[in-house]
Amino acid sequence: MNQMSTEGYVTADGRQIGGVLMEMKNITLRFGGVVAIKDISFDIRQGEIRAIIGPNGAGKSSMLNVISGFYHPQEGEVWFKGYRRGPMKPYQVARLGIARTFQNIALFDGMSVLDNIMTGRLNRMKAGFLSQALWWGAAEREENENREAVEKIIDFLEIQNIRKTPVGRLPYGLKKRVELARALAAEPQLLLLDEPMAGMNVEEKEDMSRFILSVNDEFGTTICLIEHDMGVVMDLSDRVVVMDYGKKIGDGTPAEVRANQEVIDAYLGVAHD
Amino acid sequence: MIYREAGDFKTSYRDDSQTFPIRLDRWGYYAVLAVAFGIVPFVINDYWANAVLVPFLIYAIAALGLNILTGYAGQVSLGTGGFMAVGAYAVYKLMTSFPEVNVVIHILLAGGITAIVGLLFGLPSLRIKGFYLAVATLAAQFFLVWLFNKVPWFYNYSASGQITAPTRTVLDHAVTGPAASAPAKYLVCLCFAFVLAWVARNLTRGTLGRKWMAIRDMDIAAEIIGVDPLRAKLSAFAVSSFFVGIAGALLFAVYLGAAEVGEAFGINKSFLVLFMIIIGGLGSIFGSFAGAAFLVLLPVLLKNLLVGSLGWPTDLAAHIELMIVGALIVLFLIVEPHGLARLWTLTKEKLRLWPFPH
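Top to bottom, those sequences are chains A and B. Residue numbers for the first sequence follow the numbering used here, beginning at 1 and rising by one. Residue numbers for the second sequence follow the numbering used here, beginning at 1001 and rising by one.
If we strip away everything but chain B, and leave its shape as in the complex, we get (with noise of 0.2 Å):
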């Protein structure tokens, strides 16, 4: 079977817009699924669910609510880190609150949390656009982190200042805390992540993606079709915020068990996933995915080139790492500006004409 949409029929408006109108790409997601959901949780390690796998689809999560407001909606911001470190301590209070709930509602309600303290800080983005906005929400960043480290009753008054997750768990198997299997936390976070991106796939589809898409290309020309700004800004602030803080409530109770704001939650973060998404394609779910995918798997590959099979000094292979990241970036920015999404539409493109362009 080649690649092509020729003899593949669409006989309604529904199979038309469907999200794979391609039927190998349907057979292709559909076999992911599977081998994601079917196979993976029966051979995961720890090594692999910790070093791999649970932070890439963490941070899939993160690289799906930022490109949502930078992507879709056009509206740059620099303060993931800090709404993930909401989402972090409303999961932590809410965890030590109320221990008898679910903590898959606690996530939730923490990324509920965390879009309403988006929508906050999201209201700068009315009056101001660009480079002005990013600064907005840089002020955002530091201000949440100063918050959470000056405020004790965000942890607790612990004596440490640190937050630590308790064992909780999702039908008798524990996700969080130390006792937490593999296996376990990289089917909730496999979860979590299926489910936004498939919402995050619907919402960018419909009225509400054509609105931030059309915020995004050209607001005056927005207005006059009925768009209004206010809303449509406001709801991807939200909707955005929610993805982040719940990729932030699954980061500290899922992945690392214990956090410290500062470190945890910092200006870094921030960075690590607006490049994941400029890397990844901006406006693509598929590049939110592609993005967090070279970020997370990049060092760790080159870990084990450099020290696992050439056999350098640690130290010594941790900073010839981060220059060749840097250097690849780089590389990658100036070869294709679009992202790995846009590689990809663009393999996909001459897949589907080959062998015979012409």
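Bound conformation, chain A alone (with noise of 0.2 Å):
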């Protein structure tokens, strides 16, 4: 096990943090030429909810996709619950318990609001294929088991109304609700957020954010996400990892980040030497 799991902390809302759930060490990612990212160590504790701030380019969504297995880093190691990942693919870390939704949203147009959900379920059917064929027996009783924790899901986001409507006719911030139950439905251990509430109205991201606090109350869900809104990043985040250039230039509650003079050179522009 890891040296680093045992104790957590509590924080400012008087939530029990627990030990070290993800933990990323020295990290480096090369395009060619190009360092995406630098040098990165941080970890992600048991219940929390962790932001990745920076401007844009800064390589957030390089880590992110470092830790969902789309990139693997060419140095560095990546460590979850206790144990050293090696290079894996996105199904199999899928399968690990890590789910994430996408910047641009990644649903499936072609199926239904439901279908989509129940996709989240796919690792959890184990139905065989003449099971499936015949719709006899493991498969019909798992479709209903799964369909009905789909349903709470659904009945959680309050998205009941367009169970039956395909994906490609609804509206963006609906799609965004749509992709964040999907990635609920695999009831992980870790959900990862790129840019929740990119290109939402206020109410949409006020939804979201109490969507996001909720599932992390509720289900006890640890939450990696990304955002630019610093308002919402500031008041939904215990802790913050700030990047700039692919370096980590910041960490700590948001308060001590928003102290940080490096951070407040990022945002604000400094020239850099």
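Take these hints with a grain of salt, some might be off.
If the Cβ cut is set under 8 Å, some of the chain B residues that face chain A in the computed set are [said to hold, decoys possible]:
#	residue
1	D1046
2	K1093
3	V1135
4	L1203
5	M1213
6	A1221
Don't read these hints as lab results, they were simulated from the structure. Ideal Cβ positions, reconstructed from N, Cα and C, are used throughout, including at glycine.
Combine both chains into one complex, guided by the hints.
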């Protein structure tokens, strides 16, 4: 086991945060000559809401892609639940209990909302080929059990009225919500949200913030999110990593980060030397 | 009884996810089945069986197969003709090598053999997509036809290079060979079409179908929710080829009786089946049947109209017929690019609100 995963801490609003769930150690990611992430280390603790912020092109999405297995860093180690993770394919990462949403919505347009969310539970459905082909026994039983779980998430995210609508017909804000629903359907231990509030109006942002907080509160899901709306980030998150030009320039509670001179420089613009 | 969901309450998830959620649809479905199984076999004659119903059912099976691959899993294939040839030659070798075994088992085995061949030719799909995959499957088409022409073992060293279906019986009724009667041929094809359509529906509504559609709609997102693209794509190729192989076996053994590979299973066949699913509707079971019906029935209909009613010479009518079918396909795709199945869905949606659409 990892020696760092022992003690947790208590947040400002009194929630107990557990040990280390995921740890990134000295991650360096290069695309040819371009260094997207340079020697970054941080950890995500059980039950916390962790934000990654930074100006455009800072390498935030690349970091999320490293966590979810799309990119394999040239250097550094990824630890999850106390074990070092080798280079994995995204679907293997998903099976570990890591779910995510995308910055540009990545839903299955040809399927209904219900089917989209049901895909989140694919890894829990084990019925054999024959049972599926004949729709008999395990296949049908699993379908109905998982439908029940999915309906709970549909209730939770308040999208009951659109469950049979094809996703392609939905407005943007609802699509974002359906994507969150699909990620939640997998009952992940770690939920990665890539700009969950991009392109939303104020009410939609408030709704989404409420959902993120209640996911964390009710299911105890650990959340790691990237977001540009500073107000939202500072309100939602327990700890923040700040990145700029592929480097980590700050890490700590929102208050600490806000007071960090390097962070202020990165956001307000100071000549880099 | 008006076409409504209202009042037809669903009290379980099982009821809610059934194939025909509207009562009138369910009745219609049972009625069609009752006519197909209960009435048609008693009134069918040779003309209706050979010109219309048997080819329709066989092509519907092929279209179902291709629709699973292209419509549900999003992998374009131009190798359908080649895979049908695999089914046909497999069933021929099995029928001549093991004459004592029931032909239904041979046909199923032929489907299985085609599934394995399809799996092999599906391997490139892991690397290439879209048009490039279409070209790769085109290679399969040409290779398979060449193979069945070149290796005499496949056609039992017959002088003509043709394969000819021997007479085989099911429940003491000949279904293949010259002695087969119209009702027997029709019933065999109908049973296969019915069971396979039901299997296709089951597969596409469940886990496997969702994996296929996820890969089709967005492969990156599919991977992130835990779909292994390798297994999803290859399973689509295998299942699709199983269907197509059975269609090929039936086409040769029940419908044609004798076949020469280049003629019966050439590239034209691949395009024909592809047109069927495009016109019928990609990603729809009903669309597979509708597309097959459209392309099998339309030429027959036109021929009857031009030669029978208007008294045109046969050769002229044959040429005009091709032009009309082509023009109709183009027209149709402009008016409704999503095919007959979409048209059907739209009609049903309108009907659901009729006569008070507001």
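Taking the hints in turn, this is what the structure says about them:
no., hint, verdict
1, D1046, "violated (34 Å)"
2, K1093, "violated (26 Å)"
3, V1135, "violated (25 Å)"
4, L1203, "holds (6 Å)"
5, M1213, "holds (5 Å)"
6, A1221, "holds (4 Å)"
Figure legend: structure checked against the earlier numbered hints; hints not met, in rising order: 1, 2 and 3.
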